[in-house]
Amino acid sequence: MKKFFKKHWIDAIVIAAVAVFLYFGACSIYTKFRFAKKWNIFYDYFVVNHGYNKLVTGLKNTGIIAVSGLMIGIIIGTLIAVVKVIPPYKKITRYAQTVGNIYVAFFRGTPIVVQLLVGYYILLPLLSVNLPPVTACCLIFGLNSGAYISEIMRGGIKSVDPGQLEAARAVGLPFSVAMLKVVVPQAIKNILPTLGNEFIALIKETAVVGYVGAVDITKAFQDQGSNSYEYMIPYLVMALIYIVIVALIAAMIKLMERRLAKSERK
Amino acid sequence: MNANNGINDESGKKVLIDVVGLRKVYGSKVVLDGVSEQIHEGERVVIIGPSGSGKSTFLRCLNCMEDPDGGKIIFNGDDIADMKVDINKHREKMGMVFQQFNLFNNKTVLQNITLAPVYLGKKRIRRAKIKNAFISVGNLFRKDKKTLLEVGDKSKVKADAEANAHRLLQRIGLDDRADEYPSRLSGGQKQRVAIVRALAMNPEVILFDEPTSALDPEMVGEVLELMKQLANEGMTMVVVTHEMGFAREVADRVFFMCDGNIAEKGTPEQIFKNPQNPRTKQFLDSIL
Numbered sequence: 001m002k003k004f005f006k007k008h009w010i011d012a013i014v015i016a017a018v019a020v021f022l023y024f025g026a027c028s029i030y031t032k033f034r035f036a037k038k039w040n041i042f043y044d045y046f047v048v049n050h051g052y053n054k055l056v057t058g059l060k061n062t063g064i065i066a067v068s069g070l071m072i073g074i075i076i077g078t079l080i081a082v083v084k085v086i087p088p089y090k091k092i093t094r095y096a097q098t099v100g101n102i103y104v105a106f107f108r109g110t111p112i113v114v115q116l117l118v119g120y121y122i123l124l125p126l127l128s129v130n131l132p133p134v135t136a137c138c139l140i141f142g143l144n145s146g147a148y149i150s151e152i153m154r155g156g157i158k159s160v161d162p163g164q165l166e167a168a169r170a171v172g173l174p175f176s177v178a179m180l181k182v183v184v185p186q187a188i189k190n191i192l193p194t195l196g197n198e199f200i201a202l203i204k205e206t207a208v209v210g211y212v213g214a215v216d217i218t219k220a221f222q223d224q225g226s227n228s229y230e231y232m233i234p235y236l237v238m239a240l241i242y243i244v245i246v247a248l249i250a251a252m253i254k255l256m257e258r259r260l261a262k263s264e265r266k
Numbered sequence: 001m002n003a004n005n006g007i008n009d010e011s012g013k014k015v016l017i018d019v020v021g022l023r024k025v026y027g028s029k030v031v032l033d034g035v036s037e038q039i040h041e042g043e044r045v046v047i048i049g050p051s052g053s054g055k056s057t058f059l060r061c062l063n064c065m066e067d068p069d070g071g072k073i074i075f076n077g078d079d080i081a082d083m084k085v086d087i088n089k090h091r092e093k094m095g096m097v098f099q100q101f102n103l104f105n106n107k108t109v110l111q112n113i114t115l116a117p118v119y120l121g122k123k124r125i126r127r128a129k130i131k132n133a134f135i136s137v138g139n140l141f142r143k144d145k146k147t148l149l150e151v152g153d154k155s156k157v158k159a160d161a162e163a164n165a166h167r168l169l170q171r172i173g174l175d176d177r178a179d180e181y182p183s184r185l186s187g188g189q190k191q192r193v194a195i196v197r198a199l200a201m202n203p204e205v206i207l208f209d210e211p212t213s214a215l216d217p218e219m220v221g222e223v224l225e226l227m228k229q230l231a232n233e234g235m236t237m238v239v240v241t242h243e244m245g246f247a248r249e250v251a252d253r254v255f256f257m258c259d260g261n262i263a264e265k266g267t268p269e270q271i272f273k274n275p276q277n278p279r280t281k282q283f284l285d286s287i288l
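Protein chains in written order, with this note's numbering: chain A, 1 to 266; chain B, 1 to 288.
Keep in mind that the hints are not guaranteed to be accurate.
Claimed, not checked - Covered by chain B, according to a simulated footprint, are these stretches of chain A (three or more residues, beta-carbon under 8 Å): (1) 69 to 79; (2) 158 to 164; (3) 181 to 189.
Since the hints were derived computationally from the structure, they do not count as laboratory data. A virtual CB, placed ideally from N, CA and C, is assigned to each residue, including glycine.
With the hints as constraints, model all of the structure from the sequences given.
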């Protein structure tokens, strides 16, 4: 014991100092921020005054925007990726590829908030289309994630053995069918982890839809905060909810991956 | 003189594939330098040669897996080297078997075989229906009415294809594994399924691109056995292979390819017993 202290006295002092610091810190935070009071305010607004209704709407909207964004994204992304891997013999292919490149450059080159603002406040009125904010968000998030997914998908298609496409063409299937029935399903299996990542990123990105007046999780808690002049607990709970959602989805992706791998080996 | 469907060449046999001055260039390297050859119906052609001699490229050019840079490949009366021709229609009738099997990994054995027949069968029905619609509209204005095309039953296409696939699988003794994925099969089984997949399209010719090169030695036999069976049934085959025994036993004609052209051709007797070209001699000495 004596030897130990002789050797590690500096560590002991540091640990003790940190412990004291933490204790006083915790005490002062507790007294300064008055957790109990804040919790009461939060509870009051959230439960007693039915603030949770807004959260339910927010959860629903976040889910709708993220899921439909992913769906639209997968469709657009697959389309662009397939167009990009066509051997460019014909002029029309080259034009389509250029369009795809410009699309990806635009949607990857601007922040999603900018796309939302431009899309919702400028483009939609210009086209005199009147969409509810949530629908508009679905569309714009779909277009945005389409650009990212196209690059992911292109990698996935390239990772599939070119012999698969050759074999499909050799039995007389046209390029599009060979892609759709043989190559893309295998590509999707390869990119599923990355696609899951994209979905998680999408869920977190939906936090900005408040800019165009759609109510998502973030907006729900923001409103709660500004109504009660009390931000700490709502924001902490908000962060917690995001973490829980993402953890759930990560678990689901893992499950799905395992099932897909099983279907291969059986 | 030759080339068109049903027209025979001097020897009186029907020409199935007529290759005229086929050229293929990779960058500055000339892989095929004006190959001209005819493949007759029911003929078993084996192509041998040192690696890099262009034999695989020649085979892959025959069904335009590689686009030829020059020359003609006339099959069923169409020049399939021409980009405007619908190559898919002709590929149906030209089966191909690959060195790496290339079974569709995301499909079961049965689906591997039925995928193309089902899709193409359904497409044919769709086409016929559309044509019929045009014909019947046209008939309103015609004096002598055109008869409608025959439209098959869509639900029957799949059943037929599956029955056919089961029949073919029974033939190679793999019917009990019809619902398994290719990753569960051995190399020899995969290659036999790949051959059967080509057969399911009722091709006029099957192209074999080194079908036994990626197999374990013990599995080569079963694949060659199936190929011999096909040969005996009169299937037209073009085989690129290093199996000289197979070439000797099965081939009607052997091509020796060297430096982008067919250096020597003849019956197996001629080529193996009495090669004329010094390159052929050298090659055969080195491998036998």
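Verification of the supplied hints:
no. : hint       : in the structure
1   : 69 to 79   : violated (count 0)
2   : 158 to 164 : holds (count 3)
3   : 181 to 189 : holds (count 5)
Against the hints set out earlier in the document, a violation occurs for number 1 only.
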